[in-house]
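Line by line, the protein sequences give chains A and B. Counted from 1, the first sequence has number 231 at position 232 by numbering that gives the first Met the number 0; the numbering is strictly sequential. Counted from 1, the second sequence has number 351 at position 352 by numbering that gives the first Met the number 0; the numbering is strictly sequential.
No lab work stands behind these hints, which were simulated from the structure alone. The beta carbon of each residue, even a glycine, is placed where N, CA and C say it ideally should be. Hints are not guaranteed to be accurate.
Computed cross-link-like contacts, SDA-like style, restricted to lysine to any residue with a CA-CA straight-line distance of at most 25 Å [said to hold, decoys possible]:
{"no.": "1", "chain 1": "B", "residue 1": "105", "chain 2": "A", "residue 2": "36"}
{"no.": "2", "chain 1": "A", "residue 1": "107", "chain 2": "B", "residue 2": "87"}
{"no.": "3", "chain 1": "A", "residue 1": "11", "chain 2": "B", "residue 2": "331"}
{"no.": "4", "chain 1": "B", "residue 1": "377", "chain 2": "B", "residue 2": "400"}
{"no.": "5", "chain 1": "B", "residue 1": "356", "chain 2": "B", "residue 2": "298"}
{"no.": "6", "chain 1": "B", "residue 1": "166", "chain 2": "A", "residue 2": "9"}
{"no.": "7", "chain 1": "A", "residue 1": "272", "chain 2": "B", "residue 2": "273"}
{"no.": "8", "chain 1": "A", "residue 1": "272", "chain 2": "B", "residue 2": "335"}
{"no.": "9", "chain 1": "A", "residue 1": "22", "chain 2": "A", "residue 2": "271"}
{"no.": "10", "chain 1": "B", "residue 1": "209", "chain 2": "B", "residue 2": "152"}
{"no.": "11", "chain 1": "B", "residue 1": "273", "chain 2": "B", "residue 2": "204"}
{"no.": "12", "chain 1": "A", "residue 1": "272", "chain 2": "B", "residue 2": "298"}
{"no.": "13", "chain 1": "B", "residue 1": "204", "chain 2": "B", "residue 2": "247"}
{"no.": "14", "chain 1": "B", "residue 1": "2", "chain 2": "B", "residue 2": "332"}
{"no.": "15", "chain 1": "B", "residue 1": "166", "chain 2": "A", "residue 2": "47"}
{"no.": "16", "chain 1": "A", "residue 1": "36", "chain 2": "B", "residue 2": "204"}
{"no.": "17", "chain 1": "B", "residue 1": "205", "chain 2": "B", "residue 2": "331"}
{"no.": "18", "chain 1": "A", "residue 1": "107", "chain 2": "B", "residue 2": "25"}
{"no.": "19", "chain 1": "B", "residue 1": "376", "chain 2": "B", "residue 2": "335"}
{"no.": "20", "chain 1": "A", "residue 1": "44", "chain 2": "B", "residue 2": "121"}
{"no.": "21", "chain 1": "A", "residue 1": "36", "chain 2": "B", "residue 2": "209"}
{"no.": "22", "chain 1": "A", "residue 1": "191", "chain 2": "B", "residue 2": "204"}
{"no.": "23", "chain 1": "B", "residue 1": "34", "chain 2": "B", "residue 2": "16"}
A few chain A residues that don't get close to chain B, going by computed Cβ distances all over 12 Å [claimed, not checked]:
{"no.": "24", "residue": "13"}
{"no.": "25", "residue": "40"}
{"no.": "26", "residue": "56"}
{"no.": "27", "residue": "116"}
{"no.": "28", "residue": "280"}
Quick partial rundown of chain B residues pointing at chain A, CB under 7 Å, derived from the structure [claimed, not checked]:
{"no.": "29", "residue": "99"}
{"no.": "30", "residue": "102"}
{"no.": "31", "residue": "103"}
{"no.": "32", "residue": "107"}
{"no.": "33", "residue": "117"}
{"no.": "34", "residue": "119"}
{"no.": "35", "residue": "136"}
{"no.": "36", "residue": "143"}
{"no.": "37", "residue": "145"}
{"no.": "38", "residue": "147"}
{"no.": "39", "residue": "149"}
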Amino acid sequence: MIKEQQWTEEIKSQEPLFSINLKEVWHYRDLLIMLVKKDYVTFYKQTILGPIWFFVQPILTTLMYVVLFGQIAKLSTDGTPQIVFYLLGITIWNYFSESLTKTATVFKDNAAVMGKVYFPRLIMPLSIIVSGLMKFAIQFGLFIAAVLYYTFVEESIHPNIWVLAAPFLLLLMAAFSLGLGMIFSSLTTKYKDLIFLLTFGIQLFMYATPVVYSVSSIPEKYQWIINANPLTGIFECFRYGFLGSGNFEPSSLLFSTGVTVVMLVVGVVIFNKVEKSFMDTV
Amino acid sequence: MNKLAIKAENISKQYRLGEVGTGTLSHDLNRFWHKIRSKEDPYLKIGESNDRTSKGGSDYVWSLRDINFQVEQGDAVGIIGRNGAGKSTLLKLLSKVTKPTTGNFKINGRIASLLEVGTGFNPEMTGRENIYLNGAILGMRRQEITRKFDEIVEFSGVERYIDTPVKRYSSGMYVRLAFAVAAHLESEILIVDEVLAVGDAEFQKKCLGKMGDVSRGEGRTVLFVSHNMGAIQNLCNKGIVLANGEISHIGDVESSIHDYIKKNTTAVNLLELKERKGSGVIKIAEINVFGSTRETKPQTGLPCNIEVVIANLGNVNFSDVEFDVCVDDQFGQNILWMSNTLLGNSVNFVGNVLLFKMDRLLLNDGIYYITIYTTVKKDLADWVQNAVSFEVIEGDFYGSGKKVPSLLSKVVVDYNVEYS
């Protein structure tokens, strides 16, 4: 009689590689919402300007880039106004780099909570990605305002149908930073060296991504390096759609999508394996 | 036989001691090298049982080793053991915070674990927001929390502060709110680590009451870790005793507490006991507790003797020594205190043995333990806490065939009732 008993759950020491319980993640969706809310609420608690701070950083950085890369270094922006060119680059790069660095240290940062209670660990990186989206949405609003100004007042840029690809591009960015971040997070629990590697690595990575320059301004023989970067397709497509500039090719977007999917799958599998015992080494 | 709620099969958990450093990488690589050749993990073979007091030779210890047990639905199981015996590790594995090195658990029902109160509380957020956040972390759905919100607030007793950030709360209020959320979790299995050590007495009582309701009234399964034997006895009907990562006893709660106290207080040779204080010029070598003869156990109402054998390591003059004997019950409450100087007669040794003689033992039946405190010229010489335990068996103190229930009183006294 005992032998025939049904068990609702088993905790095993060894589990197959692809045992990911998405149903459970779905059950915890309220936690995801609460965590995003927490991030948002705690950001501006006890500040006077509140969410306005989200605007300050991209505006100041853009002005800095206009002076540094536009006026002094005189990097080409394919004829688009420097302000919108840099503002777009900064906004999407910020989203990517913040999502990546926060996801990469998710175990370390949340060890106190994760060491005491079980919930599907995947919720944590997901909440980082989603709460990053909130900030991105606010900053992107600023960019849209600039686009409208340059389109209808100055009439110096010409957005086209590719703006509709923006949600998909955003999804790609989110998935890419999530996947890469989860791969790092699994390694940083034990080997903290990688956190240092990541913090300066990401700065270098920015220069290998067309954030402050356009692909067309790169000499022919170095272009393959830029094109091997899966973020290039995403950045160029954003620019082509909203600013109507640059030489965007759909094939590069296909490449980005492929790399992202692989990254995400590898990330989730590794994360899923590490989450079960990371508490012993963090 | 009832249905099972939890079945543990060959559970082991290995931990690495020391710091994570360059050695870790080489061990990891070695482990990986064995794994790709489908060989057994080389570090699983080594490792020692987990005795925190002695220095071991290996970097790996088994915090738990080959644990097997079953818990029936509706049982309230107390898990007892000394610090480092593996109690918390066991709860962590069951809570899925970390996974076992070998073995598996089979579980029937949703588990809610309370290894700590207020996990994930954010100091900046208000009490209301934290109830939702904490509830969500514990696995509650939003509607579920909303439905129980008033009940939670009422239980916590912090209604007035509910819209104030919790960083302004007193630590007691914080714990009250946190426990209130956890206590209203709907789950078939509740796992509670020693979380009740905080909060005031009134609230502790309330929590224990709530947990009692959970196990008795609602028929849920409870696993409870505590060092408070009183709480364990009140709350649980079964017990699991862990010692150095292994199960030393499973059974009903009384026998488990008995077993735990017996194992942890009878040192074979008191002289070898390390947990003692004092200069050590004289040391307690042996303590024997017996009834009217050396072969009989002490019995309520009959003679009882406590014999203390002393090792005179510093050749001190015995006329200057003071011996205090303290008898505690199994919950650590002081019941009796005796001293050789209390009686006023002169200290007069022939050999090295003291005998405290009681003509009629006034202790009710139960388990007691003895703490001994000795001074030489008022300087502490040897102080051994809970050196030995002894059992007092039931006796007919009043000659009426009736007895004082041992739960109601630890002592029995001579008295008379006059009617007028």
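I'd like to know which numbered hints this structure contradicts. Please list them from smallest to largest. 1, 3, 4, 6, 7, 8, 11, 12, 13, 14, 16, 21, 22, 24, 25, 27, 28, 33, 36, 37, 38, 39
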